[in-house]
Amino acid sequence: PSPGYQCPTSVYQPSSQQVYSLTQNGQQCAGGGLYSNVSFNNQSLFTQPRLAPQDQEPQSKTFPKPIYSYSCLIAMALKNSKTGSLPVSEIYSFMKEHFPYFKTAPDGWKNSVRHN
Numbered sequence: 862p863s864p865g866y867q868c869p870t871s872v873y874q875p876s877s878q879q880v881y882s883l884t885q886n887g888q889q890c891a892g893g894g895l896y897s898n899v900s901f902n903n904q905s906l907f908t909q910p911r912l913a914p915q916d917q918e919p920q921s922k923t924f925p926k927p928i929y930s931y932s933c934l935i936a937m938a939l940k941n942s943k944t945g946s947l948p949v950s951e952i953y954s955f956m957k958e959h960f961p962y963f964k965t966a967p968d969g970w971k972n973s974v975r976h977n
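The sequence shown begins at 862 in our numbering and counts up one residue at a time.
Just so you know, these hints were derived from the structure itself, not from any lab.
Any given hint could be a false lead.
[To be verified] Derived EDC-like pairs: lysine to aspartate or glutamate, alpha-carbon spacing no greater than 20 Å straight-line:
(1) Lys926 <-> Glu958
(2) Lys957 <-> Asp968
(3) Lys971 <-> Glu958
(4) Lys943 <-> Glu958
(5) Lys926 <-> Asp968
(6) Lys964 <-> Glu951
(7) Lys971 <-> Glu951
Using the sequences and the hints given, assemble the complete structure.
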C-alpha cells in the first residue's frame, strides 16, 4: 500500500465485546498488535450481513467482500499465527475461515494475496 494508507483502526467483535487495533509502520489495521497475544479464536472477525433473499442466487449464501485491504487481512493472519509467519496456503485458509466471502469468491483473490 502507498505511504499514509490506513486500514480501519478498530473492529468490534460482538462475541467478546472487545476492540482490537494494529499499528505497524504508520499503517493501522484491525487485529491487535502484530505480535500481541490477542487471538481470533476461530471466529469470524465480525458478523457479515447476508444479502437480502431477492438479491441472492437460488440456494447460495452470499457474503459481502470484507472492507479490509489484502494487506490488513494478511496482517491479521500473521498476527494470529504462533510464529508470526505462515505459508501462503495458511493465509488463504485463515481468510476463508474468518471471512466467508472468500469461500465462494473466484480464485483471483489468491493472486492479490500472493502479490501483497
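(request) Mind checking the alpha carbons of Lys971 and Glu951 for me, to see if they're no more than 20 Å apart? (result) At roughly 12 Å apart (the allowed maximum being 20 Å), Glu951 and Lys971 satisfy the hint.
(message) Can you confirm whether the C-alpha distance between Lys943 and Glu958 stays at or below 20 Å?
(response) holds (17 Å)
(request) Compare the distance between the alpha carbons of Lys971 and Glu958 with 20 Å, and conclude whether the hinted pair is satisfied. (result) Satisfied, since the Cα-Cα distance of roughly 14 Å is no more than 20 Å.
(message) What's the verdict on Lys964 and Glu951, does the C-alpha distance respect the 20 Å limit or exceed it?
(response) holds (14 Å)
(message) Between the alpha carbons of Lys926 and Glu958, is the straight-line distance 20 Å or under?
(response) Within the cut-off at roughly 14 Å; holds.
(request) Compare the distance between the alpha carbons of Lys957 and Asp968 with 20 Å, and conclude whether the hinted pair is satisfied. (result) With a Cα-Cα distance of about 12 Å, the restraint between Lys957 and Asp968 holds, given a limit of 20 Å.
(request) Take a quick look at whether Lys926 and Asp968 sit within 20 Å of each other, Cα to Cα. (result) holds (13 Å)
Against the hints set out earlier in the document, no violation occurs for any number.
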